[in-house]
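Each chain, letter by letter, is given below.
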Amino acid sequence: MLRNFLRAALTIAGKDLRAELRSRELLGLMALFALLAILVFSFALELDRPGRQDAVNGVLWVTLLFASILGHNRSAALEREHGGFDALLLAPVARGAIFAGKLLANALFTLIIALLLLPLLTVLYNLPQFPPALLLIVPSGCLGLAAIGTLLAAITVQTRARDSLLPVLLLPVALPLLVTALRASNAALGNLPEAELQTWILLLLLVDLIYLAAGFLLFETVLES
Amino acid sequence: MSEAIEVCALPAERQPRLLRLLNALTVLALPLGLYVALVHAGTDTSQGDVQRLFYLHMPSFFGAALAFGGALLAGIGYLVKRETCYDSSAVAGVEVGLTLALVNLVSGSIWARPIWNTWWTWDPRLTSAAVMCLTYAAWLVLRNGIDNPQQRRRLASVYAILAYVTVILTLIIIRIRPDTIHPAVIGPSAVNAQGSFELAATPGVTTALLVNFPIWSLLLPLTLLWHRYRLQLRIEVLEQRKAQVLNAPLRAAKGAD
Chain A
5 MLRNFLRAAL
15 TIAGKDLRAE
25 LRSRELLGLM
35 ALFALLAILV
45 FSFALELDRP
55 GRQDAVNGVL
65 WVTLLFASIL
75 GHNRSAALER
85 EHGGFDALLL
95 APVARGAIFA
105 GKLLANALFT
115 LIIALLLLPL
125 LTVLYNLPQF
135 PPALLLIVPS
145 GCLGLAAIGT
155 LLAAITVQTR
165 ARDSLLPVLL
175 LPVALPLLVT
185 ALRASNAALG
195 NLPEAELQTW
205 ILLLLLVDLI
215 YLAAGFLLFE
225 TVLES
Chain B
125 MSEAIEVCAL
135 PAERQPRLLR
145 LLNALTVLAL
155 PLGLYVALVH
165 AGTDTSQGDV
175 QRLFYLHMPS
185 FFGAALAFGG
195 ALLAGIGYLV
205 KRETCYDSSA
215 VAGVEVGLTL
225 ALVNLVSGSI
235 WARPIWNTWW
245 TWDPRLTSAA
255 VMCLTYAAWL
265 VLRNGIDNPQ
275 QRRRLASVYA
285 ILAYVTVILT
295 LIIIRIRPDT
305 IHPAVIGPSA
315 VNAQGSFELA
325 ATPGVTTALL
335 VNFPIWSLLL
345 PLTLLWHRYR
355 LQLRIEVLEQ
365 RKAQVLNAPL
375 RAAKGAD
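Protein chains in written order, with the numbering used here: chain A, 5 to 229; chain B, 125 to 381.
Next comes chain A alone, as it looks inside the complex (with noise of 0.2 Å):
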């Protein structure tokens, strides 16, 4: 029973991964909409050194947030456009499976963003070290961000105004995770006391518990028709 759970949600991820490895439509889309949110960013909040290092948490978040909106709209978009919800459907797998493995795909995507953010903001923005407890908070974070992004995307894409609805359901109802995820990073960063951090990255996991939770539960009523 949970090998061919595992078994379905691994393929489901990997025909993502697959599509997007032989089209790179997406990780290009999202790398660069990246990069241009750090520069309008510098831009915008005329930073200069220490300013930087003040604001280089947010910078992060922000973009990454909006980065992997721009991917769960292209994911669920691709999907709806050649059928795939609708032959997922037909799949005689459970369909818990269907959306781990786009949560999966999803998570991934984000992560890679993340990854390449990291060091470009050490460099650009002049983070002064680099806390390893950073290895664990955002990969919690973009595991998060895809568990409630993939929900709400397979909801917006069902509507008339299409991807344009998505950062409007999925701010508002990703601030608990936003706020946990910043300020556990920022403990990490040394502006908290110490003692902070183990608390928000608790909240962190809890928070993601329940967007996984809500989303195992939610999804199957999403994509019925």
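Hints are computed from structural coordinates only; laboratory data are not their basis. Hints should not be assumed to be uniformly reliable.
[Unchecked claim] Here are the simulated SDA-like cross-link-like pairs (lysine to any residue), alpha carbons at most 25 Å apart as the crow flies: (1) B/Lys366 to B/Pro238; (2) B/Lys205 to A/Arg99; (3) B/Lys366 to B/Thr167; (4) B/Lys205 to A/Gly100; (5) B/Lys205 to B/Gln318; (6) B/Lys205 to A/Pro143; (7) A/Lys19 to A/Pro143; (8) B/Lys205 to A/Glu224.
[To be verified] If you want the footprint, here are the derived chain A segments under chain B, 3+ residues with CB under 8 Å: (9) 34 to 47; (10) 176 to 190; (11) 212 to 225.
[To be verified] Partner residues are not named here, just some residues of chain B that face chain A (Cβ under 7 Å, in silico): (12) Leu149; (13) Leu152; (14) Leu203; (15) Ala254; (16) Val255; (17) Thr259; (18) Leu264; (19) Gly269; (20) Arg278; (21) Val282; (22) Leu286; (23) Leu293.
Each residue gets a CB set at the ideal place from its N, CA and C atoms; glycine is no exception.
Dock chain B against the given chain A, drawing on the hints supplied.
Just chain B, lined up with the frame of chain A:
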């Protein structure tokens, strides 16, 4: 014929007796509550008359939380039972909740101007209350953006469930974020809280709260919810009849072929 399956009953022309009782109670209780809040209760020694806004401010938030909670339950109910009437109550819940949440935000803002010396500050609790309003505004946008009625009800139900996260967040945030300046009424306020007051310090404050709380958090939302629900049922029936009339020539043409 998918439209015929989900016919919901047109509500009776005459309002049920309980609703008429609620109407009368609300019409009588609102002025009474305002009288107790504005005249009967003593003036707060440190904050002055503006403190009287509190009697609307806190109860209207709980009224909003109740209405949004109704929308949450209606969302779950729709996904389980797939009956249109659940979706109609979700619409009522969100609209009434949003109205009360705006009463809460605006009254808080007016109170904050003399007490905090600003209309608005990016305090955790203020932010989360504003985000709550925006989430339910997004719900309305989502619901209006889907043409197929069944699809609209299903997806709106899913988002109504998710949106309740923001209500819970607003309720607990002053307990988990110690840097808020928003005072807590029940239990100890955060250390930075500005503008707290003791319920027992001024005569009549507790009475005014006890009178206004059930009015704004229970009586008014329930009455409004019920009316909006009845209205939404009528709208649904109207939409169905419209669709039937518009489809009739089409079906006749098909039959002739």
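Now the hints, each set against the structure:
1. B/Lys366 to B/Pro238: Between lysine 366 of chain B and proline 238 of chain B the Cα gap is close to 53 Å, so the pair fails against 25 Å, i.e. violated.
2. B/Lys205 to A/Arg99: Between lysine 205 of chain B and arginine 99 of chain A the Cα gap is close to 20 Å, so the pair holds against 25 Å.
3. B/Lys366 to B/Thr167: Status violated; Cα separation ~56 Å.
4. B/Lys205 to A/Gly100: Judged against 25 Å, a Cα distance of about 21 Å means the pair holds.
5. B/Lys205 to B/Gln318: violated (47 Å)
6. B/Lys205 to A/Pro143: Given pair lysine 205 of chain B, proline 143 of chain A is violated - Cα atoms ~38 Å apart, limit 25 Å.
7. A/Lys19 to A/Pro143: At roughly 21 Å apart (the allowed maximum being 25 Å), proline 143 of chain A and lysine 19 of chain A satisfy the hint.
8. B/Lys205 to A/Glu224: holds (15 Å)
9. 34 to 47: Since 0 is below three, the answer is violated.
10. 176 to 190: holds (count 4)
11. 212 to 225: holds (count 4)
12. Leu149: violated (35 Å)
13. Leu152: Given a least distance of 38 Å, the restraint on leucine 152 of chain B is violated.
14. Leu203: holds (5 Å)
15. Ala254: Violated. Min distance 9 Å.
16. Val255: holds (5 Å)
17. Thr259: Holds, about 4 Å.
18. Leu264: violated (11 Å)
19. Gly269: This interface hint holds because 4 Å falls under the 7 Å limit.
20. Arg278: The hint holds - arginine 278 of chain B has a Cβ within 7 Å of chain A, the shortest such distance being about 6 Å.
21. Val282: holds (5 Å)
22. Leu286: holds (5 Å)
23. Leu293: holds (6 Å)
Against the hints set out earlier in the document, violations occur for numbers 1, 3, 5, 6, 9, 12, 13, 15, 18.
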